[in-house]
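J.: Residue strings, one per chain:
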Amino acid sequence: MEDLRRRLDGVSWVDLFLWGLRIVIILLIAVGAFNTLTSGKYTITTWISLSISGLAQGSIYALIALGYTLVYGILLMINFAHGEVFMSGAFTTVFIANYFNQTGFLNTYPLLAILILMVIAALVSMSVAVLLERIAYRPLRGAPRLVPLITAIGASFFLQYSFRGFYGSGFQTYPTVTALSGTFTVGKVTIPVVQVVVFFAAIALMSGLYWLVERTKMGKSMRAVSEDKEVAALMGIDINRVIVFTFAIGGLLAGAAGVINGLYRPQGVYFFMGFIPGIKAFTSAVLGGIGSVPGAMLGGLFLGVIESIGPNLVLEGLGIDGANQLKDAIAFTMLVLVLIFRPQGILGERLSEKKA
Amino acid sequence: MAVLRPAGDFDRSYEQDMSLVRQKWQWGVLIAGLIMLFTLPRLGNTYIITTLNQIAYTVVALQGLNLLTGYTGQISLGQAAFMLVGGYAAGLGAKELGLPFYLSIPFAGLIAGLVGLIFGLPSLRVKGFYLAMATLAAQFIIPWLTRQPKFEAYLGGTNGFIEVPVVTFLEYRFGELSDFVYISLGVMLITTVLTINVTRTRMGRAFVSVRDNDLAAELLGVNLFHYKLRAFFLAAFFAGLAGSLRAFSQRGVGTQFGYGLEESVLFLGMLVIGGLGTNLGPFLGAIFIILVEDLALWMGATLAETFPAQAAQLLTSFRPLFFGLALVLFLIFEPRGLAHRWRLLKASWRLRPFAR
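Line by line, the protein sequences are chains A and B. Heads up, the first sequence is in this note's numbering, so the first residue is 18 and it goes up one at a time. Heads up, the second sequence is in this note's numbering, so the first residue is 30 and it goes up one at a time.
Any given hint might turn out to be false.
Each computed SDA-like pair below joins lysine to any residue, with the alpha-carbon atoms no more than 20 Å apart [claimed, not checked]:
1) A:344 <-> B:178
2) A:237 <-> A:261
3) A:205 <-> A:65
4) A:205 <-> A:192
5) B:53 <-> B:37
6) A:344 <-> B:174
7) A:234 <-> A:205
8) A:234 <-> A:217
9) A:344 <-> B:206
10) A:344 <-> B:172
11) B:179 <-> A:335
12) A:237 <-> A:335
13) B:375 <-> B:124
14) B:124 <-> B:202
15) A:344 <-> B:177
16) B:375 <-> B:364
17) A:344 <-> B:124
18) B:179 <-> A:346
19) A:344 <-> B:290
20) B:375 <-> B:38
21) A:344 <-> B:176
Derived coverage of chain A by chain B (criterion: at least 3 residues anywhere in the stretch with Cβ under 8 Å from a Cβ of chain B; other residues may be distant) [as the list claims (entries may be wrong)]:
22) 154 to 166
23) 271 to 278
Chain A side only, calculated, beta carbon under 7 Å to chain B, not exhaustive [stated by the list, open to error]:
24) 171
25) 174
26) 354
27) 357
Calculated from the structure, these hints are not laboratory results. The beta carbon of each residue, even a glycine, is placed where N, CA and C say it ideally should be.
I would like the entire structure built from these sequences, with the hints used as guidance.
T.: Structural data, given as structure tokens:
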């Protein structure tokens, strides 16, 4: 009895509340999944094709998430305007893509055309990201941590509405590439070609990044700066150059992701398009452990799959109608839950007081 | 915050030390200011009355956000959503429960405060940007809930708004905005005195200590969890008051009238521009931004007349563009806001012949 009392004294009611929340969430997920699986509404092929489309979407999130994670690793700040970096590439390229489509270039040489589009989008996003760093972040590098966050919000407002001013507020649509519009069948599962292309394009870009960070001299300096800025400077590394380079790489990936996203989901290119993918990519970065490059990749893929399976598996089982419209809600809930229960993410180190 | 006092201004009693209005001429200025404020709606035109009303409820919302972000250092991107809750609570309280306005306005504050408490819970575990994300969830979940068809009878469902009855008091109808503005101004004055008193009592000092160093505050006996939640409650309470004022003055409430993320960002921006953690900040920020936005709107309209081809873009994107730019520039060049400028001005006036 005495022993039990002593143990209970050490547990605050906050911990108890959190444990209760944890149990409730696990129960909800288990009940939902059990109900759906026993109802036999979906076959195994449905789940597989859902997972594949989730992987394709997730690889796009992963590409954007890398921008967050790289910048966070180096400056310990979150570039809230990164979604707008993504938008600027995608929004600019949609006009060029439509021009290519009119001239027939896109359908005669699809691979070349897409590569050119990706390069253009990457260049646009890269310059936006670099300018952002130079104008909005560098003057505030020594400021309290809340300050760059608020400038980032201001900058993202500015970017959204300047693009709206340039290109209008209407929705644009990427042309569909005929070479990518088919499907093929493996066993019983039908897979759209575009999903495979999207997935592998993203994987190629990510492996390129991984090589850059792990194998080149610049990557080594990036890792050094993220470890300790002062000591890196003492070792002769030009910190500002590394930071600009990091922003540029993040922008490049986001721009390429803009074109890939356009191939995967042609509709809905407009000035506010960066917001939701930005938040989701941030969620992926947090999920994987912010600051960790493999973590961002893994987190993106994981979030994509959960978002694609989750509504049907859990929400429908709990009897919520219109479950498929709740994809965004799933991402937010995931974010809040991860922040509450495991802020360091899947692969991340424990967030120290300095970094949190 | 040391207050610079001229020589000869001593405190001889405790009451004197605690007084807000220290000298006779300050009483004169205060009374003259109040008289001016309250005669303005009688003399002015519609634009002045609407702007005055808008400034009044914005200041109320900002004062809440100031307690939370400026004093306690917890960022919140959900203030507009809490305003929405307050608006609905006031409207439904007046319509369904038949509460008179002097009860439905505090009722709105209370309901919004309770909702704010729920979304303040993550503040227990996370800080800075992560907390911003958690409160962002409020900004998405609450408007989404109000649009659900299930609650159509009460919250307007897909219409996006409900009508709010006219405020009446002893047979007198506050139907015109030029009458209602007095209620807004009254609430604004009450909340102003309230915030000033909160910030100079034990609670306010605890808030500041949480902001400046939460570890040290905890060691000194400040219960972090309690005080953070109190700050969240107060912020949402004030947002609820502001929302109820807005609902009564617009005679309706709902997502149709805004209450989106842009507004939450706008509030944060106003606060930064006015001066975080100062009692003057909310006033200066609200007045500055609302006037600059009107200026931007007017400029956009003029430019739209000059360039009719771009008219729509110019009209819609000028205001947010100005706001984003102002926010970034203020943070870079005057991060302590307009209130700090005002303090410098006062000091230089007192030291006039000697130093600048």
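J.: Next, verify each hint and record whether it holds.
T.: Outcome of the hint check:
no. : hint            : in the structure
1   : A:344 <-> B:178 : holds, 18 Å
2   : A:237 <-> A:261 : holds, 15 Å
3   : A:205 <-> A:65  : holds, 10 Å
4   : A:205 <-> A:192 : violated, 29 Å
5   : B:53 <-> B:37   : holds, 14 Å
6   : A:344 <-> B:174 : holds, 15 Å
7   : A:234 <-> A:205 : violated, 47 Å
8   : A:234 <-> A:217 : violated, 26 Å
9   : A:344 <-> B:206 : violated, 42 Å
10  : A:344 <-> B:172 : holds, 16 Å
11  : B:179 <-> A:335 : holds, 17 Å
12  : A:237 <-> A:335 : violated, 49 Å
13  : B:375 <-> B:124 : violated, 48 Å
14  : B:124 <-> B:202 : holds, 15 Å
15  : A:344 <-> B:177 : holds, 16 Å
16  : B:375 <-> B:364 : holds, 19 Å
17  : A:344 <-> B:124 : violated, 35 Å
18  : B:179 <-> A:346 : holds, 18 Å
19  : A:344 <-> B:290 : holds, 19 Å
20  : B:375 <-> B:38  : holds, 16 Å
21  : A:344 <-> B:176 : holds, 17 Å
22  : 154 to 166      : holds (count 7)
23  : 271 to 278      : violated (count 0)
24  : 171             : holds, 3 Å
25  : 174             : holds, 3 Å
26  : 354             : violated, 10 Å
27  : 357             : holds, 5 Å
Violated hints for the displayed structure, listed by number in ascending order: 4, 7, 8, 9, 12, 13, 17, 23, 26.
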